[in-house]
Amino acid sequence: MDGKRREMLKAGGGVTLLSLLVAAGWLRPGDAMAADWNKAAFETKSMDETVKALGGSTPAQSKDITFISTPDIAENGAVVPVGVTSAIPKTESIAILVEKNPNMLTATFDIPPGTEPSVTTRVKMGQSSNVYALVKADGKYYVASKEIKVTLGGCGG
Amino acid sequence: MADPMKIRANVVGDSTEVKVLMSHEMETGQRKDAAGKTIPAWFIQNVTATHNGKTVLSAQWGPAISKNPFLSFKFKGGAKGEKVQITWVDNKGDKRTDEATIG
Chain Z
1 MDGKRREMLK AGGGVTLLSL LVAAGWLRPG DAMAADWNKA AFETKSMDET VKALGGSTPA
61 QSKDITFIST PDIAENGAVV PVGVTSAIPK TESIAILVEK NPNMLTATFD IPPGTEPSVT
121 TRVKMGQSSN VYALVKADGK YYVASKEIKV TLGGCGG
Chain G
1 MADPMKIRAN VVGDSTEVKV LMSHEMETGQ RKDAAGKTIP AWFIQNVTAT HNGKTVLSAQ
61 WGPAISKNPF LSFKFKGGAK GEKVQITWVD NKGDKRTDEA TIG
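Quick mapping for you: the protein sequence lines, in order, are chains Z and G.
Each residue of the first sequence is one higher than the one before, starting from 1 at the first, in this note's numbering.
Each residue of the second sequence is one higher than the one before, starting from 1 at the first, in this note's numbering.
If you are wondering where the hints come from, they were derived from the structure by calculation, not from laboratory data.
In this text the structure is predicted, and so the values were computed from the model without any measurement.
Note that the Cβ used here is the ideal one computed from N, Cα and C, for glycine as well.
Check the hints yourself; a few may be wrong.
As the list claims (entries may be wrong) - For lysine-lysine, the following DSS-like pairs were computed, each having C-alpha atoms within a straight-line distance of at most 25 Å:
id, chain 1, residue 1, chain 2, residue 2
1, Z, K146, G, K67
2, Z, K149, G, K67
3, Z, K149, Z, K90
4, Z, K90, G, K76
Stated by the list, open to error - Computed spacing ranges between beta-carbons, pair by pair:
id, chain 1, residue 1, chain 2, residue 2, range
5, G, A41, Z, P89, 34 to 44 Å
6, G, L21, Z, P71, 11 to 21 Å
7, G, G77, Z, N130, 30 to 40 Å
8, Z, T58, G, G36, 35 to 45 Å
9, Z, P89, G, A34, 29 to 39 Å
Here chain G stands alone, though its shape is the one from the complex:
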């Protein structure tokens, strides 16, 4: 199981700013190991953020997103104490969901 994400959600004016740091290798499938064998691709394909059951951002990623991906975005609404949930799914079907309280 992958390590938990670090999520920060803060109210800025009338919107909520969300910053996420995920823990993932994001292997491109282009690199070779010491023996010259290609290291198979392993990367996050889908990211979804929800707030109060409503999707506030959904993303599709390719392998060119950096290792341990960072993502930041803002959505309108959101109050202190409410939750923001982030889910990712990688190309091996692994998934992880974490949530943070808006501060």
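Just chain Z, with the same shape it has in the complex:
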């Protein structure tokens, strides 16, 4: 009898502690931070793997994707400006990939309706390489590439 009461107390205490932790935000169910970052995609080493990890199939070459304010020759591989604009209707996301970096995928941008399918950022490049812009539009994948020559590597080289 007495033993059972102990158990009850223990069980009750456990539940309270857990709900307190949830309430305090220590244990968030389905933590947004971990779920929002596609770890698998950022660890891929080839175009096909990356597209697969992003949930697509082989992308089609497209002339409607253009690189803006992107140099042909970058003096400093640590800071290479890359801008991508997509003229494909219903563009949903834009990804930037650098072929010869340790991991190809550099960034993905989700473009909600109302935002122009055009983003600019700066990336690191270890060596001269092709840079790919991968665009998802209306559920399909499209790609364009541009070669950027790097005179000084981004990894202290």
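Starting from the known structure of chain Z, fit chain G onto it as the hints suggest.
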């Protein structure tokens, strides 16, 4: 705590152009220090921009984004005096939110 971001938001035609300069090391996890030990990766993973409570851009970044990252994009709508908020979260769980007034 990380340094504040520099955010500029300007009305251009019927859209708002946002330019953000963040302050972050963006360590790749590939470099080694003087003692030959690998410097652990430390980079921004998620960036979200909101305007009037609506997300106008969300991004996932890898470590190959340059140190002190720069980002620029445009969204339709937005009027002078309204606010644009930018939030980033890095792989250590650090986060920072800054806002700018559209000018």
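Query raised in the report: For which of the previously enumerated hints does the structure constitute a violation, in increasing order of number?
Result: 3 and 9
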